[in-house]
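With the hints as your guide, set chain B onto chain A.
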Amino acid sequence: MEDLARIAIESALKTGARFSDVRIENSATTIIELNDGVSKQSLSSRIKGAGMRAFVDGAWAFAQTTDLTGDGMRSMGRSVAKMALATREKTTERFAIDGPSFQDRLHYSARKPFSSISIDEKMAFAKMIDDQTRDYDRRISSTRTVYTDLWTELYVANSLGTSIYTENAIPRIISAPTAKDGINRQSTFKSLSLRGGYEVMSASEAQNIGTAAGELVIDLLSSVCAKGGVYDVVMDPILNGVMVHEAFGHAVEADNWPAHATVLEDRIGTEVGPDNLSITDDPTLEGMRGSYEYDWEGTRATRRHLVTNGILTELLHGLETATRLDLEPNGAARSQSFMHEPLPRMSNTYMETGDWQVDELIQDTKNGIILCSPNYGYTQSAKGQFMFQASYGYVIENGEKGQMVRDVSLAGNILEVLAKVDAVCKDFLLDAGTCSKGGQAVPTMAGGPHARIRKVPVGGM
Amino acid sequence: MLSPLLAIGEKAITLAEKMGASQAEAYLAQSRSFEITAENNSIKNACETRDAGIGIRTIVGKKIGFAYVTTLNDSDIEEAVTNSMSLARASIADPDFVTLPNSESSHHSARGIFDKELDELTSEETTGLLIRAIDACKGSLDKWSHAIEAAVQSSSGVNAIVNSLGIVKSERKTCISIYTYPIIKDGKDQTASYEYQVSRRLNEINPEWVGTNAAELARGFLRPKTIDGGEMSVLFAPLGASAILGRGLADAVNADEVQMGRSYITDALGEGIASEKLEIVDDGLLPGGIGTRSFDAEGFPSQRTSVIKAGVLRSLLHNSYTANKENVDNTGNASRPSYSGLPDISTTNFIVSPGKGDLNELISELDEGVVCRNTGDSPNLTTGDLSAMIGEGYYVKNGEIQHALKNTLIGINMRDLLRRISHVGSDSRTTFSMVTPSIVIEGATITSG
Numbered sequence: 001m002e003d004l005a006r007i008a009i010e011s012a013l014k015t016g017a018r019f020s021d022v023r024i025e026n027s028a029t030t031i032i033e034l035n036d037g038v039s040k041q042s043l044s045s046r047i048k049g050a051g052m053r054a055f056v057d058g059a060w061a062f063a064q065t066t067d068l069t070g071d072g073m074r075s076m077g078r079s080v081a082k083m084a085l086a087t088r089e090k091t092t093e094r095f096a097i098d099g100p101s102f103q104d105r106l107h108y109s110a111r112k113p114f115s116s117i118s119i120d121e122k123m124a125f126a127k128m129i130d131d132q133t134r135d136y137d138r139r140i141s142s143t144r145t146v147y148t149d150l151w152t153e154l155y156v157a158n159s160l161g162t163s164i165y166t167e168n169a170i171p172r173i174i175s176a177p178t179a180k181d182g183i184n185r186q187s188t189f190k191s192l193s194l195r196g197g198y199e200v201m202s203a204s205e206a207q208n209i210g211t212a213a214g215e216l217v218i219d220l221l222s223s224v225c226a227k228g229g230v231y232d233v234v235m236d237p238i239l240n241g242v243m244v245h246e247a248f249g250h251a252v253e254a255d256n257w258p259a260h261a262t263v264l265e266d267r268i269g270t271e272v273g274p275d276n277l278s279i280t281d282d283p284t285l286e287g288m289r290g291s292y293e294y295d296w297e298g299t300r301a302t303r304r305h306l307v308t309n310g311i312l313t314e315l316l317h318g319l320e321t322a323t324r325l326d327l328e329p330n331g332a333a334r335s336q337s338f339m340h341e342p343l344p345r346m347s348n349t350y351m352e353t354g355d356w357q358v359d360e361l362i363q364d365t366k367n368g369i370i371l372c373s374p375n376y377g378y379t380q381s382a383k384g385q386f387m388f389q390a391s392y393g394y395v396i397e398n399g400e401k402g403q404m405v406r407d408v409s410l411a412g413n414i415l416e417v418l419a420k421v422d423a424v425c426k427d428f429l430l431d432a433g434t435c436s437k438g439g440q441a442v443p444t445m446a447g448g449p450h451a452r453i454r455k456v457p458v459g460g461m
Numbered sequence: 001m002l003s004p005l006l007a008i009g010e011k012a013i014t015l016a017e018k019m020g021a022s023q024a025e026a027y028l029a030q031s032r033s034f035e036i037t038a039e040n041n042s043i044k045n046a047c048e049t050r051d052a053g054i055g056i057r058t059i060v061g062k063k064i065g066f067a068y069v070t071t072l073n074d075s076d077i078e079e080a081v082t083n084s085m086s087l088a089r090a091s092i093a094d095p096d097f098v099t100l101p102n103s104e105s106s107h108h109s110a111r112g113i114f115d116k117e118l119d120e121l122t123s124e125e126t127t128g129l130l131i132r133a134i135d136a137c138k139g140s141l142d143k144w145s146h147a148i149e150a151a152v153q154s155s156s157g158v159n160a161i162v163n164s165l166g167i168v169k170s171e172r173k174t175c176i177s178i179y180t181y182p183i184i185k186d187g188k189d190q191t192a193s194y195e196y197q198v199s200r201r202l203n204e205i206n207p208e209w210v211g212t213n214a215a216e217l218a219r220g221f222l223r224p225k226t227i228d229g230g231e232m233s234v235l236f237a238p239l240g241a242s243a244i245l246g247r248g249l250a251d252a253v254n255a256d257e258v259q260m261g262r263s264y265i266t267d268a269l270g271e272g273i274a275s276e277k278l279e280i281v282d283d284g285l286l287p288g289g290i291g292t293r294s295f296d297a298e299g300f301p302s303q304r305t306s307v308i309k310a311g312v313l314r315s316l317l318h319n320s321y322t323a324n325k326e327n328v329d330n331t332g333n334a335s336r337p338s339y340s341g342l343p344d345i346s347t348t349n350f351i352v353s354p355g356k357g358d359l360n361e362l363i364s365e366l367d368e369g370v371v372c373r374n375t376g377d378s379p380n381l382t383t384g385d386l387s388a389m390i391g392e393g394y395y396v397k398n399g400e401i402q403h404a405l406k407n408t409l410i411g412i413n414m415r416d417l418l419r420r421i422s423h424v425g426s427d428s429r430t431t432f433s434m435v436t437p438s439i440v441i442e443g444a445t446i447t448s449g
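If you're matching them up, the sequences are chains A and B in order. For reference, each letter of the first sequence is one residue, going 1 to 461 in our numbering. For reference, each letter of the second sequence is one residue, going 1 to 449 in our numbering.
Since the hints were derived computationally from the structure, they do not count as laboratory data. A quick note: this is a predicted structure, and the numbers were derived from the prediction, not measured. Mixed in with the good hints there might be a few duds.
[To be verified] Simulated crosslink set (DSSO-like; lysine-lysine; CA at most 30 Å straight-line): (1) Lys116(B) <-> Lys82(A); (2) Lys455(A) <-> Lys185(B); (3) Lys90(A) <-> Lys116(B); (4) Lys180(A) <-> Lys116(B); (5) Lys185(B) <-> Lys420(A); (6) Lys138(B) <-> Lys225(B); (7) Lys437(A) <-> Lys225(B); (8) Lys127(A) <-> Lys63(B); (9) Lys138(B) <-> Lys90(A); (10) Lys63(B) <-> Lys437(A); (11) Lys455(A) <-> Lys188(B).
Bound-form chain B, shown alone:
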């Protein structure tokens, strides 16, 4: 079925060409989403969002303009095209710009990204999922004073790309995510933890698992302590690994950052930059993946790209601009925040190939070290220096967890972190940015106090 968005896009392109654009592109998106939130163990808020808008990129010679509007009305679109054109005319020409993508490349169809059941989910049914997660969480916390925060968000939408070189594409996607965040008190001690799931299919969501797991994790973070710092092993559980690699490595293999000399990875294609144990692919066609799509944010076909194999850097991630600039193949990694921005570059499904051993097995093999379940930090992209607070973690001695940690920081340069990966686990999970198991780094500077 052709989306009605395509006709609106084509009209905008025609208008831009009439105004003198040498090339033009319209990116349109329309979505409906529900979000139900709970506070202090109780449902509190229901939110329905209907979002629709259009972003128009116009090119005059080698000068580029962009404008967007949060409606799909004719007069607003006309204003956006006019603004985009005047911005293009006022821009400073970019000699490295060659062309927008054309429609000649072959097409691959993404599978498992639209779920009819999820598309038809009502706000009441969405609320039901959240109540199940909260009840499961409560059930594991009856001995503690607790306040559970939780939310579920489901969305169904369509995006469309039309450009003056013949690209006319649209695709429907669904997505659901659910989390619980229990805050628990034990005397004067207060802590919190969380668990979540994100999927494109309703039947992959297990609210009871999300609730129970969050409760068990929170209990384990009571009575945190500081430790004597020093050089020791760090075990990044999947969410921690996802934070470090999903930002700290993914941004560094972004061809735009590399070309601008802002990445700690330079001139390293074909060279060993990581432990031989590390293999990473970026797979835009992973069936049902969170980053899966048939085409990227410029309409270029998705593909599977080997990024690191046996520790060797095999490819950077490109969009049409960076690929044309270096005269290499586009990897289809153009991404944009819906209709409200120009394409830059990001991963699709950034996947670490699993090795051996789950989190508990990896802990049992540690003489001394820390477990980092998550962190909010990312490295300095240019130097690679990473100084990360352990958001949730434990101290491990002789293969056993001793206690939870507080006020503890990990210091290491990303180049060393990548080379010092001594184990890659088998406990892969899907996060918002990656699919990754646990990884062990054999030495980093730990500061605590």
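Isolated chain A, as found in the complex:
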């Protein structure tokens, strides 16, 4: 792989590129989906190819190939450099690309590599979870179980001298049942995903995920729609993670700065929240779904202190943004596959813990709402607006957890919401997610402790 990458980069530089990088990927996935006990989808894929960029004075070009031969790489290098030179003619902003280089070769050794486990065994595991979900209660009317595993081998090289080989392994199990009681029907899902081999599926949380999903969907049968209004909201750890991800994480991706596309543009080094609030994005955590040692530009990943005691202290950088903002790159450039260009992205994002007890916080809230577990969320950094939806929650009345509610949406403003966080608890949990940006999905985690936001609009029926 080293030789192929060198041929491509040399070819791009000789044609006139000032900077060039190459990603060569060989990934394999398995997806096993069961619906009501029968196979809905049994899929395997091989994602194999190379993507490369060439850069000249502020103009980028990107191309990819599945022709992994010397000739294929040489011709890709030439054509991508030519495209960058042509683009340069139309470009008005001039800048350079510079940064440190890294050399490393890391093998990831899972205790049970996916390739060592037969399809029959993975199928039997999915079947066990599917049966478990259905057996939880006779009101469960349909089940859906999805097992996936992803094995990635990635080589990244660039014209600054970087040469990085890494491997990654991510399994996931999802249980998504529907329950029916008369005309009342509810659906939900639970998922577990970490970095690791097939051994992740032996953990008790994975082995019992069908029961957990079954329990939740049966509980939802007695939930009601929330009444819309302005509430004091207690977020559970998982929902807090989504808030931090949507309301803040996207807005500190550094590609927003040259694009003037974030409401936080003038806020670096200033107060964006109360002094008990800190937010971290950490790809170096052991065994998490969003963890990696080097990013897709080959930069060593470091822990990023996005907000420290209420002050916006760090952004998520790739090589380009670090060069343009004259800061150190912190290894946040990620791609979905070799077919995509790296963009500054989050990894494992969370709010740091505080000193409240959860019980104490609920009592103190008097009247409000607890929001749990997200359906989804999204944001527009340029307008400062975000929204996310909790799949369920509970009304707080007189300081006590009461009626279960479902599908509760929360809308807010990036500049206003963190300042409204007034209490942060001691507990902590991270949950699996998948983040989309520019048409690329990457594995992430998000979480934190329980925390309270004062007076935010919550949608109702």
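Chain B in isolation, oriented as in the chain A frame:
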């Protein structure tokens, strides 16, 4: 002209049958696309993508396996066929599976989906379109500090389907889309909006319209305010209607979701589920449509399906699996994300029949309400509950726009939303998922704060 992909597909099918498949299908796709992007008013990036791959579905009895690979090399295809077969053998038999489609059905030819001019468009010419859109956008924003993000994407490709029951089909398509996203500042106030066009023909793209319209929209969203919530009318402009109906209704009439009991629409065929004003067809043969194709993702012929007529649910959308399961006619709605997945079900061109009045006329008829130009939300498919943030919108009183909105949510169940459609406009436009005009809902819960 027969695509060379067909020969590759036939070879894969033969191999699968040799390995013991009772039925087999190969889906192949090959495409070339350009994407040019701009940041902060300036061209920045050019991207050329050449994508080719094959997905192989094999069936052993009633057990199904699938594998794909992002190349068209013999050895990779052989590995994919082998993997697909071992997955089929390891699968749990699906008693409801009957057969893949055969080649007996009649064939309709889709028109207007391949444009020679677009196929031959160079990266330089593509860049030229984007510069025109940015210049038009800038021209309408000279009084404001602005940063325009923009992109144009053009693609030309061919897909092919071969199965062991005699289907051998391929088709070429072109597509172009262009957008501008101006971010503007006025003192401490910052906002953004966007406009886009998507078409199968180059001569339908108007970069100046895209640029100017985005700029005018962005100016209108400065100084947004919250409002007192309550029950009021909601006017969904075409992009908003497309978001709500294109996902929230289209997913609910997907026969697979209905059969699994996951849709808020159940046992409703032939019943009134919407206002009499609503008529929706799914037309896979609309000339030049974004969802138009001669055959679906399993090679079954495209057709025009009446989904809702005078508020009555006339048909669900089927692929071969769901149609066989219920023993009803296949509507040709199999779809897949290129070669990298199994067929599921989606709309082709999901078209709301236009009524009367454009957006401005509909606004002038509102006593009090909100306009939702777009939203990123979709309902809970099982309950139909929709809680949607107004991504871009206005507050209307006495027939006039008062101001832009922020932090405002619409709450309504889809079943009520469909019944409460009081007006369907005439301002139809093509979006990525639909062809729809504006629609007015006569009452939903608005929360703002």
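Problem set entry | Hint consistency between lysine 138(B) and lysine 225(B) [alpha-carbon to alpha-carbon, up to 30 Å] | Holds, because 26 Å separates the two Cα atoms, which is no more than 30 Å.
For this session: Please work out if lysine 127(A) and lysine 63(B) have their alpha carbons no farther apart than 30 Å.
Result: 15 Å, holds
For this session: Would you check the hint for lysine 90(A) and lysine 116(B), treating anything up to 30 Å between C-alpha atoms as holding?
Result: 26 Å, holds
For this session: Quickly compare the C-alpha distance for lysine 138(B) and lysine 90(A) to 30 Å and report which way the hint goes.
Result: Distance ~16 Å between lysine 138(B) and lysine 90(A) Cα, so the pair holds.
Exercise. Given the hint that lysine 116(B) pairs with lysine 82(A), does the C-alpha gap stay at or below 30 Å?
Worked result: Given pair lysine 116(B), lysine 82(A) holds - Cα atoms ~25 Å apart, limit 30 Å.
Exercise. Lysine 180(A) and lysine 116(B): Cα distance at most 30 Å?
Worked result: Violated, at roughly 53 Å.
Exercise. Lysine 63(B) and lysine 437(A): Cα distance at most 30 Å?
Worked result: 36 Å, violated
Problem set entry | Pair hint lysine 455(A) and lysine 185(B), alpha-carbon separation not exceeding 30 Å | 27 Å, holds
Exercise. Has the given pair, lysine 185(B) with lysine 420(A), been kept, meaning a C-alpha gap of at most 30 Å?
Worked result: 25 Å, holds
Exercise. Between lysine 437(A) and lysine 225(B), is the straight-line Cα distance small enough, at 30 Å or below?
Worked result: 28 Å, holds
Exercise. Given the hinted pair lysine 455(A) and lysine 188(B), is their alpha-carbon gap at most 30 Å?
Worked result: The given pair, whose Cα atoms are some 23 Å apart, holds under the 30 Å limit.
Hints 4, 10 from the list above are not met by this structure, while the remaining hints are.
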